[in-house]
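Student: Heads up: the sequence shown runs through residues 184 to 297, numbered per this note's numbering.
Hints listed in this document are in silico derivations from the structure and should not be mistaken for laboratory results.
Yeah, the Cβ is synthetic: ideal placement off N, Cα and C, and Gly gets one too.
Derived CB-CB ranges, DEER-like: (1) M204 / M184: 37 to 43 Å; (2) G230 / G206: 19 to 25 Å; (3) I194 / A249: 16 to 22 Å.
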Amino acid sequence: MPQPERKIAAIGIRVSRKTTMHGFALNADMDMSWYDRIIPCGIRDAGVTSIARELGSCPSLAELAAMVRPHLDEMLAYQPYEASPDVGEEHEYNPQTAHVRRPATPGVTYGLTV
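Given the sequences, and given the hints that come with them, work out the whole structure.
Tutor: Shown next as structure tokens:
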């Protein structure tokens, strides 16, 4: 007998105040009872599951990330990029100055050269 449809991952996108945010969630090994209280993503005819529930055990999060990343890179057509000239090096991550707050550049949130 076939099992009902189950959701094991989600991709979300949100736009608020001219800023886009996105995320990816993969249910690895968690307490699934929290999903009994909601209708995930508004999909009533599909339940929620996890890798541990489906396979009986779950790889570590590091192992999962190593398995999933190449597929996400391909599906999302990820390509390394250089910061656009309007952003420049002062916005690149530097662990020695990461705690220092700087004023935002007016009108520029993120720079991406395609």
